[in-house]
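K.L.:
The primary structure of each chain is shown beneath.
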Amino acid sequence: MEMKFDGEFNINQPRDKVFEILRDPEKFAPLLPTFHSMEMKDSNRANLKVKVGIGSIIATATTELILEEALAPSRIRYTGQGKVMQGAYQMSSTFELDEIDGETRVRWQGRTVLAGKLLSIAGGGLRSYAEKEINRVITSLQAALAPGAQTAEIRVPEENWFMRLLHFLTGTHKQEATDSQASPATAADTTMTYAPHPADTLQSRKDSIHKINRILDAGCNAMKPGRKEDKRLVTGQGLYVDDYLPAGALHMVLVRSPYAHARILDIDVSRAESLPGVICTITGKEIAEHTTPFTQIGPEPSARIQDFCLAVNKVRYQGDPVVAVIAESRHIATDAAQLVEVNYDILPAVVSCEDAQTDTTVIHEEAGTNRTWQGVYEYGDVDQAFAGAAHIVRIDHLKFHRFSSTALECNAVVATWDRRDQIDFFCNTIMTVPIAMIAPALDVRTDQIRLRTHDIGGAFGNKIGNYPYMTLAAFASRKAGGAPVKWVETRSEYMQAGGHGGERNYYDTEVALDKDGVITAIRSRHVDDCGAYPRYEPLGCVIWSQVLPAAYKLRNVRIDFSQVVTNKGPCAPNRGYSRLPHMWFMERVIDICGHELGIPADEIRLRNYIRDFPYTTPNGCVYDSGDFVAMLNRARDIIGWDDWKQKQQQARTEGRIIGIGIGTTLDSGTNNFAQSQIINPFLPFSSNSVVSTVKLDLDGSISASVSTFPQGQGHETTTAQVIAEELGVDTDMVHVKTGFDSERNSHSGTCGTYASQFAVTGLSAVHGAVVKLRNEMKKLAAYALEANENDLEFGMGEQGPEVRVIGTGRGVNYWALANMVNYNKASLPEELREISLNVRHTYVPPFEAPDVEKKYGNLTLTYAMQLHIAAVEVDPQTFKTRILDYVIVDDCGKVINPMIVEGQVHGGTAHGLGAALLEIMPFDKDGNVLAGSFTDYAPITINNMPDLKCSNMQTPSPFTYNGAKGMGEGGGAPLHAISAALQDALYDQGVIIQHSHNSPMALHDFIREGRQRPVTTESR
Amino acid sequence: MNMSESTQLVPITVSVNGKTCQRQVEPRLLLVEFIRETLGLTGTHIGCDTSFCGACTVIVDGDAVKSCTMLAVQADGSEILTVEGLERDGVLHPLQQAFSSNHGLQCGYCTPGMLMSSLALLADNPNPTRKDIRKQLAGNICRCTGYQNIIKSIEAAASAMQED
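Residue numbers (this note's numbering), protein chains in the order written: chain W, 5 to 1024; chain L, 92 to 255.
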């Protein structure tokens, strides 16, 4: 096969100078952007090493470059030759130089000859592509030869044309075009220069600007690379929903209820609609006529709850959306929303969990009760255990408070329901379940819905609650004639309605212990408060039971669990969802029992910890692996447990209040969705599945998509790690799609980023896909190389990433493989023609259906663990808690990426510490939101965060291919540890830590008000 | 009151990342809205509506400013630097590289504000203590990292720039 190319260009340089550069391989070769190194054989002959690659796949290749002719000052000819892909290439390029009007005209010719079997499979039909590449190379050559160009420093946009062509034909072409395309002129445009403003006479301002300019120019030493995601995020190039504004987009603003519970008497939108720029308004009446209430997960009677995307007839929490206003701009929509008039008949608000349970005021009349679910979880022989107990500890009431991880980006969506009846959501939801919620509500097929995300500014579970707003925005788009409708929640709206973690109350807890302080049984009654609409609830009524006995070996448990609605914002899963409140309860139980029986906090835990793994819990869950004892020992060593106990005694004599406390927690990951049948036997859900697609794209570059919705967990990075490891390439060569897109066809119904599962489900799907891809590549390579599949290996070669015969240089690279499959099918034998190099794998965890009647079964696959120890001091005047020392030991099995794991541990700890000491969503008796802004809510800041001492242990999970466990939710150990530390500090003052939130005011009330002691202990 | 109908637009001129921008703006337009919506520089983010979170922090005339707490008309005549102006010729600023290298970001939403506040800190104080860093960033909320690696990132950037 032979290809010829030619052309010419002019350079404003003397011919001698141009000739001098072109004729000297030592000057000419370094101009190639792919230049790596060269070894001159003699003045006319060099072995040239160049970096070549597909996409970002870079390898080095060797070519023998010979200067055949150098007729000064007008003619230069190079030839080159080498071996590639079981074939050979020869090439030549000629430059002829003429002087015209003081300039130099360069006429060039190139010729390439390729021969060999592989080249005939993979090398044809490339002429127009090659020509385009050559043009780019010539442009760069012109730049290099132009006046003022310093040959040594020139950055040539593309590699030399014949190398480029060669690399292309041999399956090794290069990218990196973007940053090198900047000409000197455009580089100057982006240089930061501050022209002083004429009005500026203030020296201080000039000084400030000068300081900033100086630091902007700072250079720095090399640092190690971070995650794949980071470049776009640190340069302001992330694409969050609010950054996306398609042409013709309209803006939606909501009118929300000022009352927690009220009947809507009438709504007047006429003034709002008459404002210029307003397109339309939507009220609940219209929504009730044209949409179907959202599917309820709970059984009768909560299944009768009618939940629409706008309030219909009644509002049920402060912030319940009543009217949507759609306008040409957000400002106009905001103005118009203020012109909407709504008359309400105010109803009594049900705010406390206790009031809700009385059903004196029923929030959803159609259900007839505020209770959404009730069931008893009973295992072992509880009453017998109590009959034989040496000690019984009774705790009247414990309470886990309402708070929210408050992702910095609020809920948002751009919805387009176009006239072709397709609905596009560019949004920040975090799982595919919304498709199943929205499609029936809008009466469309799921395949009419395109759901996509890009960068998400945190979610922590909360954004599952975005789907009513997504539904409303889609409805608005259709009403507005198919224009995109953008809705971005404000922080104030979020504080009312954006999704808080639910509150839980624990009543009448009784704990049976033997004479050694080993817990033998617990009986208790737990009530969740899920806010005004269940939405994702009452799933929380079963999810806690994934960690039923917590870290402890008790076998007899009876917990009466129920859930109620109240006139507060609807809850959403929040980091540690449902398990965290239960773990906190169990940690309070063991901690209070220890104090009551006079057994030190570490000792009572050691006596009760589960020690043998895998461990089957009383309700059939299997804790896969772990070592609580080793974690506790390590944490005690790091913090210096015994020293702290001494310091505590010393401090007491000085009137200081110091305590040290332990929090042991579990982070159960990878749900068995069959547990939902324990809530509602009619739900058709079981197990779990996550999908990934991995392919060699048309040009052989490695491309992957995963059906998850990352929000900072670094899925692109870890996905690339898994693929790179299997293929023996660098992670830079693996391109992972950002975010989720249902049109990638890489998802199932339960895909998402939730419940600590990516390291297991996501990476198992990726791994399964890359293994399938490897098998396909091997089949193709075996054919192309006339070799046996078993004799092949994957790795990097001179042609970039390749499949080669072990121990030989005979290999075929990815471009060639992709070309055979995508462009050159007839070259393949019949049995290889179905190969696509585009594989999809669905990971399904090994779950069985649980026994719904007995509430027994394996509900989650993996159990990561964390153990925290906090040393705190309470100021006796202000009751402010200060953290003096803080240690974390975490074990999430085999760690895929230590940096990311540690980051998750830090983040979960910040959420827990914030919740324990600062963050709470309080309401007054009328249901008014009392933390309506960040200023009131006080999310934890850098000033409140102590320095954390972290240590990692690894007990691999036997249930996952990679030994990893999901670990993102963390299990909320800071709440346990801080409560325990405060308990340790204040027990001798008669204080029992009953609440998960312990602000200075709460501690003041506990200590000063002298409440009735909520704990009694009976020893027999 | 309906402001949309009768609002008079006000001409302003600002220098943003070294480029002069002249626009007519509504008097109520916040600087952050001007940067994001009028100029299309969406790297500056909005995370709250009470000037608490600091995601919108930019440099105005050499000082770190929460751009949601300033009107665009107040910035008339100012020189503004946003996160998009940190990179030079495709090379990350040491702070940007340090945040990446030290995992000082997860979701990235707070990161532009963190970078700009940190830049202002290092401009005044090239060798800050942990206490200095905490004080400077007290108005920047991050909900992912627990701040540990943000502190580490700023220390690393300071150190790298000193060695340079």
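Some clues are possibly wrong.
[Claimed, not checked] Calculated cross-link-like contacts (lysine-lysine; reagent style DSS-like; alpha-carbon spacing at most 27 Å):
# : chain 1 : residue 1 : chain 2 : residue 2
1 : L       : 110       : W       : 884
2 : W       : 235       : W       : 210
3 : W       : 898       : W       : 776
4 : L       : 110       : W       : 953
[What the hints assert, rightly or not] With beta-carbon atoms standing in for the labels, derived distance ranges:
# : chain 1 : residue 1 : chain 2 : residue 2 : range
5 : L       : 131       : W       : 930       : 56 to 66 Å
6 : W       : 633       : L       : 179       : 19 to 29 Å
7 : W       : 829       : L       : 131       : 38 to 48 Å
8 : W       : 252       : L       : 102       : 22 to 32 Å
9 : L       : 131       : W       : 226       : 51 to 61 Å
In short, the hints are calculated from the structure, not lab data.
A virtual CB, placed ideally from N, CA and C, is assigned to each residue, including glycine.
K.L.:
Confirm or reject each hint.
P.N.:
Quick rundown of the hints versus the structure:
1. 110/L with 884/W: Violated, at roughly 49 Å.
2. 235/W with 210/W: The hint is violated at about 31 Å.
3. 898/W with 776/W: holds (23 Å)
4. 110/L with 953/W: Violated, at about 45 Å.
5. 131/L with 930/W: 56 to 66 Å: Taking Cβ atoms as reference, residue 131/L and residue 930/W lie about 44 Å apart, which means the hint is violated.
6. 633/W with 179/L: 19 to 29 Å: violated (53 Å)
7. 829/W with 131/L: 38 to 48 Å: holds (45 Å)
8. 252/W with 102/L: 22 to 32 Å: holds (27 Å)
9. 131/L with 226/W: 51 to 61 Å: The hinted range 51 to 61 Å is violated for residue 131/L and residue 226/W, with Cβ atoms some 33 Å apart.
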